[in-house]
Amino acid sequence: MAVLTEEQSLLRDMARSWAQEQSPVKAFRQLRDKGAEGWDPERWQSIAEMGWTGIVIPEEHGGADFGFLGLGLVLEETARTLTASPLAASALAASSALVLGGSAEQQARWLPGIAGGDVIATLAVDDGPRHCPEDIHCVARQVDGGWLLNGEKAFVAEGGSAELLVIAARCESGPALFLVEADNPGLTRSPRRMADARNYAALALENLKVPDAALLGKAGDPELLDAVLDRARIGAAAEMLGLATQAFETTLEYLKTRVQFDTILARFQALQHRMAKQFTEIELLRSCVESALLAIDNNDPELPLLASLAKATACDTLHLVSREMVQLHGGIGMTDEHDAGFYIKRARSLENAWGNASFHRDRYASLSGY
Amino acid sequence: MNDLAAPLQEEANTAFRQEVREWLAANFPSELANQDNTLATIEGNAALSPPAEKWKTAMGEKGWGTPTWPAEYGGGGLNRKQTKILQEEMAAIGAWNPIGGMGVMMLGPTLLEFASEEQKHQHIPPICRGEIRWCQGYSEPGAGSDLAALQMRAEDKGDHYLVNGQKTWTSGGQWADWCFALVRTDTRHKHEGISFVLVDMKTPGIEVRPIQLISGTSSFCETFFTDVKVPKENLVGEENRGWHIGKRLLQHERTNLSGGNRGGRSGGSLHKIALKYLDLDSAGRLVDKDLRTRITRFEMRQRAFRLTAGRVMEAVKGGAPAAASSILKNVGAEMTQERAELSLEIMGMQGLGWEGEGFTPQELMGTRSWLWGKAVSIYGGSAEIQNNVIAKRILGMEGEPG
Ligand SMILES: Cc1cc2nc3c(=O)[nH]c(=O)nc-3n(C[C@H](O)[C@H](O)[C@H](O)COP(=O)(O)OP(=O)(O)OC[C@H]3O[C@@H](n4cnc5c(N)ncnc54)[C@H](O)[C@@H]3O)c2cc1C
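Respectively, the protein sequence lines represent chains D and P.
Numbering of the first sequence is given in this note's numbering, commencing with residue -9 and proceeding in unit increments.
Numbering of the second sequence is given in this note's numbering, commencing with residue 23 and proceeding in unit increments.
Pulled out of the complex, with its shape left as it was, chain P reads as follows (with noise of 0.2 Å):
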């Protein structure tokens, strides 16, 4: 950009700025304001309300759920700027984007970097709008952390693949309409056997079993193929290379759960929670000192984490996922975590609620969302494994396996 595009841009985005206000005015039911529940939509299958379903399908048609895509396959086809500009305005007015799942944060970028054109076109417009729910079949019995140690097998039969074999730990199984999964097409090599496909979860031979979490709530599942017929195609780039792009979807999940968790930002500042429950001395400090540097100590290195997060971002100017996801991913997690720990300790027993008389519903809530964040340091590539990533790819410490 030479100096004199910079003051017409500078108009381009005031005019933009005044549209996307202008737009979000006529289409956000205000009632909804502040109103995203991050663990019901991670975790549940909660119907919308009418209102929110006018607001789905309103950003869904403007592709403004998923705003960087391009228009033509129904993204919102805006540049980094004008997504910027949209999230402030949303945010200002405490808008949420209704449009979200594992179509959005995981397949899309993944079938837009490798898919063929017809792929696109039938897939993406529908995650655009919201429309399909996608679950990921990659974790099996033997094969969770060592991935590619999956046995799914997928037999070529002219026309279509044979599937059998089993997932598990399938997020949203039971409500999902397709799946992407790695199989195993090549028994002979390990990584260079495995395709990546996509899988219609109302073909015959797919058995869902929920399972329950710790937390109470079943939002993942076991789920068996008994000689399910996948058409080829169906086959996401080229046999036997699959394991190249289910690895570059796993950066894409890191990459939006070091972000999509908020990194424990969600539910409020954490010190805001503690002036609710706890003693105050006369100079208006909590007078629990240990607690008070400890819950410090968790909000400074948030704002570490955030201006880390500000910075990659920056660098990588919304391109490939960079090798800092891992690190990324790990804080993030751990910042999830540890404010969930302390606010279970702000609140002492009122934290421990399950159900019941004697608890609010936030209370409530509090309890279920620290047992299932426990999760978010073992999926999507554990703490353990992202470690590993962090010393042997980006240190070069080569050593075990793993």
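Isolated chain D, as found in the complex (with noise of 0.2 Å):
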């Protein structure tokens, strides 16, 4: 475990006993059951009052500028009880993109709201399934006093609710990231009922017009799209840490207590073992997490690198803890009164979240050179 600060200790402290006093996984389910669209308005008013929303925005805009580590924090034990909030796509994702490349007017207009909870933001990126931003399709054009975009981005998460969008599309020199304002005539939003019951829509960009000013950063920055991204991955990783650690808790709980065969199962050791085995894994996927989150608030020049160490671990790790979590429940764990199923949903849904474990694993190689 990092060393924290007294402060960071007393945000996590706070965010855990929130988390399940206020918003456990009960709150998720029936969140689930109503069908709604993907979060709870009174839990997002009570993360804003607690300031979550603005850990990473600077204090001139109504943030707390507390770093990216105090916000890990946060997310990780959220994720825990599964809180469905666009706190990652709002308060992380959409936020860094304002931090670092956003105009002191941008910044003035946005993060305020932001900060405050009462704007929820996010950033879409990919155009298909599979995270490729190295290969986006939607196209800027530069017209007079602004942009055309045109084409499509798929599964933005908060993309059904998000007021106002960081979109990623392709101009004559590169990348770059506009902000979209969900009003824009130019912009069709399509829901997307994932198995993990989150909100997600599919966005058509048809013709959208916006003025210069809505330009982030450079057009054609590839760095500013890398520093963006690489803040998101570290927060999926995050999330996924605390979906981890819970479900092996709960795992573990289970083996203690059920009996077959006039025993308690944890004492088999065969189950031993594999209990072993995902703790240690979760004790490695901890480090990453942490170093990566501690690199973005020490601009560390390894951040890319340890984005991606993050990323793949948290994928790898969270993939054999979640089916651990069904196969050693039994039959139990295969019923949908059961929280297994809402973990080993939404573990592949991050895991698909920007760059899966091979989309890392292939970047880590690149960035070290071979």
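Because the hints were derived from the structure by calculation, they are not lab data.
It is possible that some hints are incorrect.
[Claimed, not checked] Derived DSS-like pairs: lysine-lysine, alpha-carbon spacing no greater than 25 Å straight-line:
1) P/K224 / P/K212
2) P/K254 / P/K212
3) P/K294 / P/K212
4) D/K267 / P/K414
5) P/K103 / P/K78
6) P/K212 / D/K246
Relying on the hints, combine the two individually framed chains into one complex.
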């Protein structure tokens, strides 16, 4: 465990008790049963009141400027209980784009709303179902006084409820990020109902016109896109760490109580070793996630490498732990009444988010120069 | 078979092949070709279309849905070679076996071995015709892997047993006509106090509550028995000797499952899905090399699995299920699950749709069968229990209970 400052441990404890008391898995289940749009406005309100929506936003724009490690701790704790909220999309991914690439005006226009939780923002990069930022087909053409965007974005998290969408498109000189408001007439959003019951949308951009002031940073700057993506990747890895930790603990608890053959299952060595293996993997994952979060806060040049390390390790670990959760619960783990199904469904979505394990292994190799 | 008989045999087989071909041409509605839907058959209770109903009736009457079972009980009475010919001819035109379910996979072979003549004549022909749906009343809340811990009580009341207790995870319980169940007839002995009975699900006192699965469907149930009268003639074998029969049935279940789930083969080969969804480089290779390697590893292992299954089947010559059924069940389950995980990975987010717009029916079915498939390493004796069987019974590594 990274050495946390007193404030960071306080934040983590607060997030943990809030998630367990105010946002238990039962709350997610109710939301799912209602077939609601993916998150609960009241809980979002209390997330905003606690200031978590502004953790990485500078103080001058209404945030706390508390750092990514802090936000990572909150994402981990809330993901443990499957809290459905736009925190990762809005307060991390889209906020990073504005903080890193936004002009003073853009920041002043959007960041206070995001920090206060009134504005929900999201990041839309991929055109298709697999992460592929080098191959963006959505095009941006410079026209008089602005840009025309044409193309598609797939499976945009919180895409149905976001008021502000940070959209990646390809212009002549390379990738660029644009701020698009949800009511832009060139934008059509279609909901996608996924196994994890969260909010996703497909976006269609048809001659979508934005002013010059909607461009974030320079057009054709792959570094900005990369830096924003790395933050999103590390945020997803932090959520995955939370999911894996909770899935593991729930399973461990079960094995200590379920009796078969006149003994608790925890006494069977074959199962002890399976649990020991998962525990080991989760410990390795925790180190990767924390180092990656710290690397953002410290402007570490190794950040891209650590982001890929964290995300790939998170994918492999959560994949293993979520499968073991179902298997080791036996029949009960196959029922919808049990939580195991929620964890395995959410796990696969996050495995896909911002690059799966093989994407990040490949990237790690490229970044390492081979 | 001596040398002189061999050509005669050859001729008879050729004639049989011709007969099969003609019969299939006359009876298999070609619009049903390759429409076998494994998931729907295990998970759902979808009504058959009129041509499918007709096909089922024809196969049922012919007895070819249960080709190796004796003709006197309604089976096909075919030998191994003939069965193979039948399967080949069916595969060639995309015909599938419409007769299935637990009656065929598990109960029939068990009854053939242990039941009385009356019981065989009463219960096997309707299984061959696919008329009666059976469910399996084994598991209880406190008796899963440790099946012999079962508590459902059957008290001797002279001409019948009075049955009280609860079964759980009863697949298809809400649709079943009959149930084969393990019940406790003696509370003093664990294994030697269990009996194997056949229960008509319409008997008063049986209540079924469907349980929803993570895949969103409700294919299994909690089944409650309150003062249910089961006539003594429905006892299979001797009283308190049901454990042996029940275990034997599980062996049939395993053998069938390893073949039945087709070792991850259903839905076409994995690399075809990859070719459909993924980009290729200029040499025609998948761009995602890491995934390419894992797909290859899967397909090679699947080949090894099939070769092993073939070798085992050859060795047992269709006789008693071998100890190898544990190996086949585990590898078969692994193949099913690995295939689903890899195709999910191939499709990315497109492979995780739940309902509504934006997904093909196959994609949505893929999500559900990925989740449903997590059960194949749990039921019929979990993967861990199979490994215990391999370690203890095959390798002699005695140790912990279970
Ligand atoms: C989809 C589905 C359909 C089913 N259909 C039927 C049906 O029709 N009829 C019926 O009777 N039952 C059915 N079952 C029940 C199934 O047979 C049981 O779930 C299975 O026997 C496991 O029992 P359990 O669920 O109580 O798990 P448990 O026995 O509690 O096992 C939990 C975990 O511990 C492991 N474990 C247990 N003992 C040991 C040990 N000694 N060493 C190492 N690991 C161990 C198990 O492998 C498992 O991973 C079905 C189950 C499923 C999931």
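Here is how each hint holds up against the structure:
A distance of roughly 29 Å separates the Cα atoms of P/K224 and P/K212; the hinted pair therefore is violated under the 25 Å criterion. At roughly 21 Å between alpha-carbon atoms, P/K254 and P/K212 fall within 25 Å of each other, so this suggested pair holds. The suggested pairing of P/K294 with P/K212 is violated, with an alpha-carbon distance near 51 Å, which exceeds 25 Å. Between D/K267 and P/K414, the direct Cα distance comes to roughly 23 Å. Compliance with the 25 Å bound is thereby established for this hinted pair.
Distance restraint check for P/K103 and P/K78: the Cα-Cα separation of roughly 23 Å lies within the 25 Å cut-off, and the hinted pair is therefore satisfied. A C-alpha spacing of about 24 Å is found between P/K212 and D/K246, which places the hinted pair at or below 25 Å, so the restraint holds.
In terms of the numbered hints stated before, the structure departs from hints 1, 3, listed from lowest to highest.
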